[in-house]
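Participant: Which chain is which? The protein sequence lines are A and B, in order.
When you line the first sequence up against UniProt numbering, it's residues 1 to 347, in that order.
When you line the second sequence up against UniProt numbering, it's residues 1 to 347, in that order.
I should point out that these hints are in silico values taken from the structure, not numbers from a laboratory.
Treat the numbers as computed from the prediction; the structure is a model and nothing was measured.
Don't be surprised by glycine CBs; every beta carbon is placed ideally from N, CA and C.
Errors might be hidden in some of the hints.
[Said to hold, decoys possible] Below 27 Å or equal to it, Euclidean Cα-Cα: the simulated DSSO-like pairs (lysine-lysine) are: (1) Lys239/B <-> Lys174/A; (2) Lys153/A <-> Lys139/A; (3) Lys240/B <-> Lys109/B; (4) Lys239/A <-> Lys153/B; (5) Lys67/B <-> Lys148/B; (6) Lys240/A <-> Lys215/B; (7) Lys77/A <-> Lys139/A; (8) Lys116/B <-> Lys139/B; (9) Lys215/B <-> Lys139/A; (10) Lys215/A <-> Lys89/B; (11) Lys240/B <-> Lys239/A; (12) Lys240/A <-> Lys109/B; (13) Lys239/B <-> Lys109/A; (14) Lys239/A <-> Lys89/B; (15) Lys109/B <-> Lys215/B; (16) Lys77/B <-> Lys67/B; (17) Lys239/A <-> Lys179/A; (18) Lys89/A <-> Lys240/B.
[As the list claims (entries may be wrong)] Now the in silico label distances, taken between C-beta atoms and shown as ranges: (19) Gly92/B <-> Met281/A: 35 to 41 Å; (20) Ser238/B <-> Glu51/A: 56 to 62 Å; (21) Pro291/A <-> Ser265/B: 37 to 43 Å; (22) Pro78/A <-> Asp301/B: 39 to 45 Å; (23) Gly154/A <-> Gly251/B: 31 to 37 Å; (24) Gly138/A <-> Tyr64/B: 33 to 39 Å; (25) Pro291/A <-> Ser238/B: 36 to 42 Å; (26) Glu142/B <-> Gly138/A: 53 to 59 Å; (27) His290/B <-> Ser80/A: 47 to 53 Å; (28) Glu56/A <-> Asp301/B: 51 to 57 Å.
[Claimed, not checked] Here chain B is said to cover these stretches of chain A; the calculated rule only asks that three of the stretch's residues, wherever they fall, bring their Cβ under 8 Å from a Cβ of chain B: (29) 74–88; (30) 125–131; (31) 165–179.
Protein chains: 2
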Amino acid sequence: MSFTSLRIVCGVKSTRSKEKVERLIFEILSILQENKYDGPMGARTIARELEKRGFEIGERAVRYHLKHLDERGLTEKPESLKGRIITEKGEGEVRKDLVGKRIGFVIGKIEELIYKMSYNLQEGGGTIAANISLLEEGKVDEALNIMKEVMEKGYAPSPLVKVSQEGESMGRFKVPKDKVGIATVCSITIDGILEGEGIPVSPKFGGVLEFRGGKPKRFTDAITYQGSSLDPLDVFASKKMASCLNVTKTGSGSILANLREVPISARPAALDIINQAEEKMLNGVLEVGHPAEPLFGLPVDVNRVGIAVVGGINPAVAVDESGIQIETSPMETLLDISEIHHIKDFV
Amino acid sequence: MSFTSLRIVCGVKSTRSKEKVERLIFEILSILQENKYDGPMGARTIARELEKRGFEIGERAVRYHLKHLDERGLTEKPESLKGRIITEKGEGEVRKDLVGKRIGFVIGKIEELIYKMSYNLQEGGGTIAANISLLEEGKVDEALNIMKEVMEKGYAPSPLVKVSQEGESMGRFKVPKDKVGIATVCSITIDGILEGEGIPVSPKFGGVLEFRGGKPKRFTDAITYQGSSLDPLDVFASKKMASCLNVTKTGSGSILANLREVPISARPAALDIINQAEEKMLNGVLEVGHPAEPLFGLPVDVNRVGIAVVGGINPAVAVDESGIQIETSPMETLLDISEIHHIKDFV
Numbered sequence: 001m002s003f004t005s006l007r008i009v010c011g012v013k014s015t016r017s018k019e020k021v022e023r024l025i026f027e028i029l030s031i032l033q034e035n036k037y038d039g040p041m042g043a044r045t046i047a048r049e050l051e052k053r054g055f056e057i058g059e060r061a062v063r064y065h066l067k068h069l070d071e072r073g074l075t076e077k078p079e080s081l082k083g084r085i086i087t088e089k090g091e092g093e094v095r096k097d098l099v100g101k102r103i104g105f106v107i108g109k110i111e112e113l114i115y116k117m118s119y120n121l122q123e124g125g126g127t128i129a130a131n132i133s134l135l136e137e138g139k140v141d142e143a144l145n146i147m148k149e150v151m152e153k154g155y156a157p158s159p160l161v162k163v164s165q166e167g168e169s170m171g172r173f174k175v176p177k178d179k180v181g182i183a184t185v186c187s188i189t190i191d192g193i194l195e196g197e198g199i200p201v202s203p204k205f206g207g208v209l210e211f212r213g214g215k216p217k218r219f220t221d222a223i224t225y226q227g228s229s230l231d232p233l234d235v236f237a238s239k240k241m242a243s244c245l246n247v248t249k250t251g252s253g254s255i256l257a258n259l260r261e262v263p264i265s266a267r268p269a270a271l272d273i274i275n276q277a278e279e280k281m282l283n284g285v286l287e288v289g290h291p292a293e294p295l296f297g298l299p300v301d302v303n304r305v306g307i308a309v310v311g312g313i314n315p316a317v318a319v320d321e322s323g324i325q326i327e328t329s330p331m332e333t334l335l336d337i338s339e340i341h342h343i344k345d346f347v
Numbered sequence: 001m002s003f004t005s006l007r008i009v010c011g012v013k014s015t016r017s018k019e020k021v022e023r024l025i026f027e028i029l030s031i032l033q034e035n036k037y038d039g040p041m042g043a044r045t046i047a048r049e050l051e052k053r054g055f056e057i058g059e060r061a062v063r064y065h066l067k068h069l070d071e072r073g074l075t076e077k078p079e080s081l082k083g084r085i086i087t088e089k090g091e092g093e094v095r096k097d098l099v100g101k102r103i104g105f106v107i108g109k110i111e112e113l114i115y116k117m118s119y120n121l122q123e124g125g126g127t128i129a130a131n132i133s134l135l136e137e138g139k140v141d142e143a144l145n146i147m148k149e150v151m152e153k154g155y156a157p158s159p160l161v162k163v164s165q166e167g168e169s170m171g172r173f174k175v176p177k178d179k180v181g182i183a184t185v186c187s188i189t190i191d192g193i194l195e196g197e198g199i200p201v202s203p204k205f206g207g208v209l210e211f212r213g214g215k216p217k218r219f220t221d222a223i224t225y226q227g228s229s230l231d232p233l234d235v236f237a238s239k240k241m242a243s244c245l246n247v248t249k250t251g252s253g254s255i256l257a258n259l260r261e262v263p264i265s266a267r268p269a270a271l272d273i274i275n276q277a278e279e280k281m282l283n284g285v286l287e288v289g290h291p292a293e294p295l296f297g298l299p300v301d302v303n304r305v306g307i308a309v310v311g312g313i314n315p316a317v318a319v320d321e322s323g324i325q326i327e328t329s330p331m332e333t334l335l336d337i338s339e340i341h342h343i344k345d346f347v
């Protein structure tokens, strides 16, 4: 569909060509998309951003277009907050138009989150990257108990969670009607911490990691973040290729995990930071490899060491495996560290 | 699991260390795996191949191990044929052990099929690459009618199919009990034809291609063949991201498609070969791009032109969308061109 439907809306009152209006609408949506982790944007800010991109149309015209975008369900005004945010449908439209760039879409999203994360390992404050799971009220206790077990066994990057009720917000996300939201720490958080301490990190693969006797053995499947428009862990989760419950109960089976690389020279500093992060209950690192050596069967570039980290959605995957309906968006939002607490406080 | 279960079988009678036996078993399976498109292999041939790999254990010992592999369901004797073939379960074991290499597994499988395909455009004989779909007897007519429509609209690489009953073989594949098999032409066939005529082809992306008004518009999702252990088209099909029935009925929606690259200098020859293949009812090419220009939104390397081809499993995806249970293995086997016929002969 892309922008065909928008033509009708915008073509009537404007004297510009249809193409120009389509381009303008696309720019508005992509401005909202690019800034989505900063919260809602007002028409004035959007107009200023448009100006930078060569569209001098003023605040009032932006408001006009936003109204129509709201009507099409591509943007919305969050209650009690000023300005607009892009909806999931709106993001879909942007993505469709950006597919040329989007082949690096997952890596782009990850890099954006890493860059925007503000958590400071020394001072302790700031934002971390979180996944959000939604489920029915009646299933929350059972789900939290399962998640707790997965986290205690070390198959998640952190035991910290946030539980929010219908209508409450979790970062940029608002819990919909009749649902409870559980935010868990995303494994990208460790990348953000490393970057924050000056270590350049390159996320490489998302994959399925086989365990035997409680020990990680090898990746049995993997997809590069660089070469996929879909989040690899989301692909493996929806194809039900993990068995997180089994691994938690018996030590054998497969969990979701990922691999990133850091420069060889950064290895000692990375180990130190990982230890410090562990003390703050943010970690999930399974192993830091050796120079250019494959890690659990996945190749590592020359001059690099691989770091394998457990997937942040493993607790949610375990809940799904137990038969409880749960809907999870990986890498969904930034959350202030002060908002999340140890899962044992909730069960 | 991998080879833990095999330890018990092999460890008892052998004087070698467990590790050595595991390695041997793995080599036998990978020999069968690598030669699977050539049909069953006998113990003597396997022993000879093992020798090349440093295992001088003789034919009799191979037979001993094959018997146990049969019992574990990792290999089997096809009826009426001599020798062993590797089962799907066996392939799973090999893959688990090969994951280091396997990150290029899909591209490896494609390149192997391209290399082994023997179809000759000038003389007309030889083998092509085929997908195999399995379904219940009672649904075959309905399914073939849907497939016919998808093929006639040009959303499949060819209208040629083979329909086989329970127990019959389709290349290296044998139709299981209570099922009917439908073999369709795999889009890799066009790559094999180009390679056969001396044009080097590099398969790049598998993706979801949006259509409007019967015209291809842009890829909305894609995964590189190089960076994935899963077949991208299989991923998109199982995530139900295509709408082949819709595209067939209305001209709008999304089909599965893929992109390969050839050198710029080969463009005129490629166009000529594609036209000749079209006359033989083997084609599926949507567009041959221009030097280094993106094709339907996907990037193309410098010094290369992109060629977009419809996915071979689109007819099967359409059948699935219609609610008929169908199980499809893309790139499953090589088939002699003489065995496949126009779908109109079957409906």
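Participant: Are the hints correct? Go through all of them and say.
Facilitator: Tested hints:
Taken as a hint, the Lys239/B and Lys174/A pair is honoured in the structure, with Cα atoms around 26 Å apart against an allowance of 27 Å. At roughly 22 Å between alpha-carbon atoms, Lys153/A and Lys139/A fall within 27 Å of each other, so this suggested pair holds. For a cut-off of 27 Å, the pair hint linking Lys240/B to Lys109/B stands: about 23 Å separates their Cα positions. Distance hint between Lys239/A and Lys153/B is unfulfilled; the C-alpha atoms sit about 30 Å from each other, more than 27 Å.
Taking the CA atoms of Lys67/B and Lys148/B, the gap is about 43 Å. The hint is violated against a cut of 27 Å. The straight-line distance between the Cα atoms of Lys240/A and Lys215/B is roughly 34 Å, outside the 27 Å bound, and the hint therefore fails. Restraint check for Lys77/A and Lys139/A: not satisfied, since their Cα atoms lie roughly 30 Å apart, outside the 27 Å limit. Our distance criterion of 27 Å between C-alpha atoms is broken by Lys116/B and Lys139/B, whose separation comes to about 33 Å.
Annotation: proposed proximity of Lys215/B to Lys139/A is violated, straight-line Cα distance about 46 Å (limit 27 Å). At most 27 Å may separate the alpha-carbon atoms for a hinted pair to count; Lys215/A and Lys89/B meet this at roughly 23 Å. Distance check on the hinted pair: Lys240/B and Lys239/A sit about 11 Å apart at the alpha-carbon level, within 27 Å; holds. Proposed proximity of Lys240/A and Lys109/B is supported: the alpha carbons are some 23 Å apart, at most 27 Å.
Between Lys239/B and Lys109/A the alpha-carbon distance is near 21 Å, which keeps this suggested pair within the 27 Å criterion. Proximity of Lys239/A to Lys89/B is assessed by CA-CA distance (about 18 Å); at most 27 Å being required, the pair is judged to hold. Proposed proximity of Lys109/B and Lys215/B is contradicted: the alpha carbons are some 31 Å apart, above 27 Å. This hinted pair checks out: Lys77/B and Lys67/B have alpha carbons roughly 10 Å apart, not beyond 27 Å.
The hinted pair formed by Lys239/A and Lys179/A meets the criterion: a straight-line CA distance of about 24 Å does not exceed 27 Å. At most 27 Å may separate the alpha-carbon atoms for a hinted pair to count; Lys89/A and Lys240/B meet this at roughly 18 Å. The beta-carbon spacing between Gly92/B and Met281/A, approximately 37 Å, falls within the hinted interval of 35 to 41 Å. A hinted range of 56 to 62 Å for the beta carbons of Ser238/B and Glu51/A is inconsistent with their spacing of about 45 Å.
The beta-carbon spacing between Pro291/A and Ser265/B, approximately 40 Å, falls within the hinted interval of 37 to 43 Å. At roughly 43 Å, the beta-carbon separation of Pro78/A and Asp301/B lies within the given 39 to 45 Å, and the hint holds. The given range of 31 to 37 Å is broken by Gly154/A and Gly251/B, whose C-beta atoms sit roughly 52 Å from each other. Gly138/A and Tyr64/B have their C-beta atoms about 57 Å apart, which leaves the hinted 33 to 39 Å range violated.
At roughly 38 Å, the beta-carbon separation of Pro291/A and Ser238/B lies within the given 36 to 42 Å, and the hint holds. Under the hint 53 to 59 Å, the C-beta atoms of Glu142/B and Gly138/A, about 41 Å apart, miss the expected range. Checked against the hint of 47 to 53 Å, the C-beta distance between His290/B and Ser80/A comes to roughly 52 Å, which is consistent with it. Roughly 37 Å separates the CB atoms of Glu56/A and Asp301/B, a value that falls outside the hinted 51 to 57 Å.
For a cut-off of 8 Å, the count of residues in the segment 74–88 of chain A with a CB near a CB of chain B stands at 0, and the three-residue condition is violated. With 0 residues bearing a CB less than 8 Å from a CB of chain B, the segment 125–131 of chain A misses the requirement of three and the coverage assertion fails. Beta-carbon proximity to chain B at under 8 Å applies to 0 residues in the segment 165–179 of chain A; the threshold of 3 is not reached and the given coverage is violated.
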